[in-house]
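**Q** The residues making up each chain are set out below.
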Amino acid sequence: MSYEPCEKYTDSALRFGDEDHYPERIVGEFLGEVVSNDWVNGEYKHMILKVHARALDSYAGQFFHLLCPSPDGAEVYMRRPMSIYRIDKAASQIEFLYKCEGRGTRGMGMLKEGDDFNLAGPLGKGFTLDPKWKNIVVLGRGVGLATLAPLSQLAAEKGVGITAILSARNPGVVMSKDLFEGFGATTIPVLDTDGTSDVANVEKILNGLIDEGKADAFFTCGSNRLLSLMKKVGKARGVPGQVAMEQIMVCGFGACYVCMRTFEIDGEKTLKRVCRDGPVFNMQEAVGW
Amino acid sequence: MSYEPCEKYTDSALRFGDEDHYPERIVGEFLGEVVSNDWVNGEYKHMILKVHARALDSYAGQFFHLLCPSPDGAEVYMRRPMSIYRIDKAASQIEFLYKCEGRGTRGMGMLKEGDDFNLAGPLGKGFTLDPKWKNIVVLGRGVGLATLAPLSQLAAEKGVGITAILSARNPGVVMSKDLFEGFGATTIPVLDTDGTSDVANVEKILNGLIDEGKADAFFTCGSNRLLSLMKKVGKARGVPGQVAMEQIMVCGFGACYVCMRTFEIDGEKTLKRVCRDGPVFNMQEAVGW
Amino acid sequence: MVDLSVRIGDITLQNPITPASGAFSWEYNDVIDLNRLGGLVAKTICREPRLGNPTPRMAETEAGIIQSIGLPGKGIEYFVDHIVPEYARFKPPLIVSVSSENTEDFAALAEELSVPDVDVIEANISCPTRNATGGNFAMHEEHTKEVIGAIRAKTNKPLWVKLSPNAGDIVSIARAAEEAGADALCIANTFLSLKIRTDNFRPALGNKFGGLVSPALKPIVLRMVYQVAKVVKIPVIGIGGVTKAEDVVEYMLAGASAVGIGYAGFRNPTALITIIDDLAAWCDERGIKKVTDLIGAVKDDDMEMDTLVAASAGV
Amino acid sequence: MVDLSVRIGDITLQNPITPASGAFSWEYNDVIDLNRLGGLVAKTICREPRLGNPTPRMAETEAGIIQSIGLPGKGIEYFVDHIVPEYARFKPPLIVSVSSENTEDFAALAEELSVPDVDVIEANISCPTRNATGGNFAMHEEHTKEVIGAIRAKTNKPLWVKLSPNAGDIVSIARAAEEAGADALCIANTFLSLKIRTDNFRPALGNKFGGLVSPALKPIVLRMVYQVAKVVKIPVIGIGGVTKAEDVVEYMLAGASAVGIGYAGFRNPTALITIIDDLAAWCDERGIKKVTDLIGAVKDDDMEMDTLVAASAGV
Ligand SMILES: Cc1cc2nc3c(=O)[nH]c(=O)nc-3n(C[C@H](O)[C@H](O)[C@H](O)COP(=O)(O)OP(=O)(O)OC[C@H]3O[C@@H](n4cnc5c(N)ncnc54)[C@H](O)[C@@H]3O)c2cc1C
Ligand SMILES: Cc1cc2nc3c(=O)[nH]c(=O)nc-3n(C[C@H](O)[C@H](O)[C@H](O)COP(=O)(O)OP(=O)(O)OC[C@H]3O[C@@H](n4cnc5c(N)ncnc54)[C@H](O)[C@@H]3O)c2cc1C
Ligand SMILES: Cc1cc2nc3c(=O)[nH]c(=O)nc-3n(C[C@H](O)[C@H](O)[C@H](O)COP(=O)(O)O)c2cc1C
Ligand SMILES: Cc1cc2nc3c(=O)[nH]c(=O)nc-3n(C[C@H](O)[C@H](O)[C@H](O)COP(=O)(O)O)c2cc1C
Ligand code: FES
Ligand code: FES
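Chains as they are written, first to last, in our numbering: chain L, 88 to 376; chain U, 88 to 376; chain P, 3 to 317; chain X, 3 to 317.
Please keep in mind that the hints were generated in silico from the structure rather than gathered at the bench. One or more of the hints may lead you astray.
To be verified - Quick list of simulated restraints, FRET-style, between CB atoms: (1) Asp304(X) x Asn257(U): 36 to 46 Å; (2) Asp286(P) x His84(X): 55 to 65 Å; (3) Glu372(U) x Ser116(P): 35 to 45 Å; (4) Gly298(X) x Pro110(L): 37 to 47 Å; (5) Glu200(U) x Asp12(P): 51 to 61 Å; (6) Lys232(P) x Asp217(L): 47 to 57 Å; (7) Ala299(X) x Asp353(L): 24 to 34 Å; (8) Ala140(L) x Asp286(X): 30 to 40 Å; (9) Asp83(X) x Ile113(L): 37 to 47 Å; (10) Asp286(P) x His108(U): 55 to 65 Å.
Stated by the list, open to error - For lysine to aspartate or glutamate, the following EDC-like pairs were computed, each having C-alpha atoms within a straight-line distance of at most 16 Å: (11) Lys147(X) x Glu106(X); (12) Lys291(X) x Asp280(X); (13) Lys95(U) x Glu29(P); (14) Lys212(U) x Asp295(P); (15) Lys322(L) x Glu290(L); (16) Lys301(P) x Glu106(X).
Beta carbons are placed, not taken as given, at the ideal position from N, Cα and C, and that holds for glycine.
For reference, chain L alone in the conformation it holds in the complex (with noise of 0.2 Å):
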């Protein structure tokens, strides 16, 4: 009675090593081999996966779409955007860091060594480094971290020095510590548990950072309230900034209108798509969400 091809989706993804047939595309989708996928705290997990060269070809800010699998025997419809947590090109690794909470994500979480990964990217625009900051503050918390992450190892790449305000609920939860100073970054944690998150204790260390020359440019993710604090000591002070945002999203390549957020533009509130004109945004204009 058996009569139908049974692949319910067509998929002709790439693997590590497979021959491209479209190498002029800049995206592309791809099928990773994930490596490790850890937890890193009780929230948060971390993957690696082994993927095309293509795939490599990737920056800071920039994110994929990840293609869950299901965590319950039912599908997962949408792709996940994730952030790239870090590129390592020398094993042809590319990371991810995220939290675990919703369907998507928990699939996710439920992949093993050896298992394959759907990954469409790499998409949108990432962080611009301006060759004349010397010095830049990143500001992060929860998973805006993890977008952050690269940012300074491109920094580091070029040179500039970075100071990562790295704030969480509790020490428990400061995650990527290792790996900011692993890029020569000084770090501050900050947390709830102290007070030291507080907005006011945050704006002093931001003010301070200006006042001591290291802070050419403005960096956040993660917070609508980081968000907002940190462009208004930007705009008082005079320090550009750029904010990555979120939004649901559909298609990822600009073409559906979704992932839209709200954006003030010399004093003109206009729309904006997350996937493709961000998600890495001048945070002068960001208006949060």
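Please arrange chains U, P and X with the ligands on chain L, whose structure you already have, making use of the hints.
**A** Frame of chain L, contents of chains U, P and X with the ligands only:
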């Protein structure tokens, strides 16, 4: 942004050892634990499940309705009916022999030791053994043998002699020979490769068994051709018979009227539900498919 | 403990969970305690004995099934004499679904079914797989009004009407049924569909067309329930893709007073009981004292009522 | 090698695979070679610049998504000056989807879009998420006839018309579009739907209602394509739930001359190219020399034409 419980379906199936809040129900929904799931040959697999005590209360010819996992990431929506191949009450185990072909059975084939597998049952009316019968003949082909195996177990327990004619394409796929012989059955393999599975030859064998007094009743499953033959011989020689039928199912409980087959009773054609009026039927009434 | 009972007109259901017609029979008592259900819903019955459609009657699709059963049954006499008593052994009210090809017969059937053990008549005017001489009243306002009016004239039993999702303007048809005397509306039946096999180029079902059943369809039916509940005064029963307690909540928020469940019971034969238990737990966790508080409780006051409703009705 | 080319009126597509409007843009050239597609279909354009609907514009459902974008865009002038040239760099014909709230403006827009680089005008008369002052022509025969007639009078470009699956009687609406001068019919747009969040009792989309997109819906749309293709003479383009080459075959067997693909391209950005390759391989394996041999090749002659078609149209 995660805001909803993610479980798409409710599930309160009973595991081995679970307390049973509805012990008076004759059918249950169970979570069996896969003990093993191995290839028998290139096409068939044999699954052993550890199940809740209530699931063991089943007999030859009945079936379970299996909720197969996905072989390809997309959900398998309908359950698959599968005959009980063997019941091992001492070990709390139930076994299936199945052909791995479509989406459901391929998904089932991917299950590994320790995995959960949801099964509903036991369902349907199985084989009946008239206390007058001293010797029976079972004739099966392919997975039909899976359905006949527990009948032989039952017959053996009641001291009824069994001759099992096992039809197959080639010697490599003569399955269950050991199992049938383990129940004390005399087995007669008939093959396509050497022509012994021809209708003419099988007819000769059947008539011979009747002549020898070894055929108080006929049982068959798995081949329309063999059903017609046994029906003809049974009718001519006055041997009663039972046949286990198959049909696409939805509910398995007799409610939906999806699983109909045609029967001819006293010259009148009618439809019966394979899941509830069968799957085992009076051979002389079955019209085949 | 939350009070799960709901009222559908003069009938009280101990909870809002009922099986859907055609996806249930008393034989499910083998696996669940039928006395726990909100109601018992029998398979649609017709006057004459019918064999139903040619097999195969079901085919799997991308995300669900299409089915075309063809309303088989042993006819009304057998039904009243033998099947009604099977259900009468259980406590929940018995809802009897009935169908016919013409108005007079439909009304006469409803009258004949108005026996003491039957609590509700459900007029299935929407079955998308009626036979070669049949029609589908629920596609048209006037036909709906006519047939429901005729039935209403012949029975004093509570009269529920099962509508079709294939209708373009479900709101007008719901209004027509209400005006003609319906006591409640069941929304909805299955979606008329087709599958063609690519191996032999033939339709996959013996009857060619079939009704699509899939959890995927819930958002469409929910929209219909929402639109209808906003304009009618009689209770609405949401039917389509309920697979968990949250789906019941969602239907009730949209305005439904109860739900009907088919597919979920095929997938998990114990599902209806689990959903009842989960619904009670869901309410208890949130301090909801009466499940009826959920009915129509969607928070949409601050959303402009754009013209989509109108648009779907044809503006 | 099979000949995959199909003709839609005067236009030849090198293969029957086109993207669906709103699910595609020239920006997909980043990931696939647009020159391999059967056609290029631009997102529906309106006269004035529009921001579109409030976010969130998409929510996941049981088996798919609902979306309500609201036809954002920079208006017709920007479109003709800046977006048409983006598409003109590629070889396949450019199909431009257009929408308006009133007949005169719709016709005027079609005229303004009739520039050399535009090959086909696709009249989107069915978008279920039009704004507060908008309507939905495709729910009604007369509205369809009127608007398509008006557009036809203003342009000589091939005119495709996108119908709505929310209409109850798609066959009559298809006939109306054909009579009014449509050169092809695109069946269908998305299904009007609703999702309510059970945590905060609010609709999940900023615009409340949205269009359901899901592979699960293919059997419904396929049924519509089959019904329409049996009665119209102009080509039909099947849109809904195509995710693999066999789905293209199924739509063609039902009578479609080509397909439009949205969802599958979201899931697998390379899907359209894979489907083209798989379709060619599928035909080659079976010795099918021309893909057009599949159009309407369903084997249903021996099946009684029961009244389901009539039933769905309301008998
Ligand atoms: C450019 C970009 C980069 C991101 N990088 C990271 C990262 O490095 N690490 C990380 O943990 N998370 C990151 N996120 C957020 C991540 O996409 C969401 O956590 C994830 O989609 C949630 O999926 P879920 O199935 O677990 O949750 P669910 O709540 O089940 O998802 C339901 C729907 O909402 C969407 N959604 C939910 N939360 C978000 C969100 N914050 N942003 C966008 N869509 C969302 C999902 O994609 C899905 O469509 C990023 C988001 C964007 C837009
Ligand atoms: C009472 C009964 C007992 C059975 N016992 C066994 C057994 O012990 N071992 C075994 O290998 N097979 C048995 N079968 C057949 C088994 O149910 C099918 O092989 C199985 O459903 C095929 O599913 P699939 O997903 O692999 O195939 P697919 O072709 O993908 O299935 C598509 C649909 O067709 C149905 N279907 C396909 N073949 C059959 C069939 N032969 N009978 C009923 N429905 C079918 C499926 O259930 C499904 O709904 C039995 C069938 C019945 C009715
Ligand atoms: C196999 C089957 C048979 C059905 N028979 C009937 C019927 O006889 N009368 C009726 O009104 N609806 C019938 N239906 C429709 C269901 O009552 C219900 O409306 C539909 O399945 C949607 O609910 P669900 O998504 O919970 O399954 C049938 C559905 C199925 C799957
Ligand atoms: C995000 C999104 C935006 C859409 N926008 C439009 C549009 O602007 N115009 C239109 O005619 N259809 C639009 N559609 C509908 C699609 O063109 C198509 O009809 C629908 O998605 C069904 O096809 P699919 O199942 O292949 O996705 C849109 C669909 C989606 C998912
Ligand atoms: S996700 Fe489609 S435009 Fe951004
Ligand atoms: S499968 Fe439902 S009646 Fe047999």
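**Q** All hints, please: hold or fail.
**A** Structure-based check of all given hints:
no.	hint	result
1	Asp304(X) x Asn257(U): 36 to 46 Å	holds, 37 Å
2	Asp286(P) x His84(X): 55 to 65 Å	holds, 58 Å
3	Glu372(U) x Ser116(P): 35 to 45 Å	holds, 38 Å
4	Gly298(X) x Pro110(L): 37 to 47 Å	holds, 41 Å
5	Glu200(U) x Asp12(P): 51 to 61 Å	holds, 56 Å
6	Lys232(P) x Asp217(L): 47 to 57 Å	holds, 56 Å
7	Ala299(X) x Asp353(L): 24 to 34 Å	violated, 59 Å
8	Ala140(L) x Asp286(X): 30 to 40 Å	holds, 31 Å
9	Asp83(X) x Ile113(L): 37 to 47 Å	violated, 26 Å
10	Asp286(P) x His108(U): 55 to 65 Å	violated, 19 Å
11	Lys147(X) x Glu106(X)	holds, 13 Å
12	Lys291(X) x Asp280(X)	holds, 15 Å
13	Lys95(U) x Glu29(P)	violated, 26 Å
14	Lys212(U) x Asp295(P)	violated, 46 Å
15	Lys322(L) x Glu290(L)	holds, 13 Å
16	Lys301(P) x Glu106(X)	violated, 38 Å
Of the numbered hints stated above, those contradicted by the structure are hints 7, 9, 10, 13, 14 and 16, listed in ascending order.
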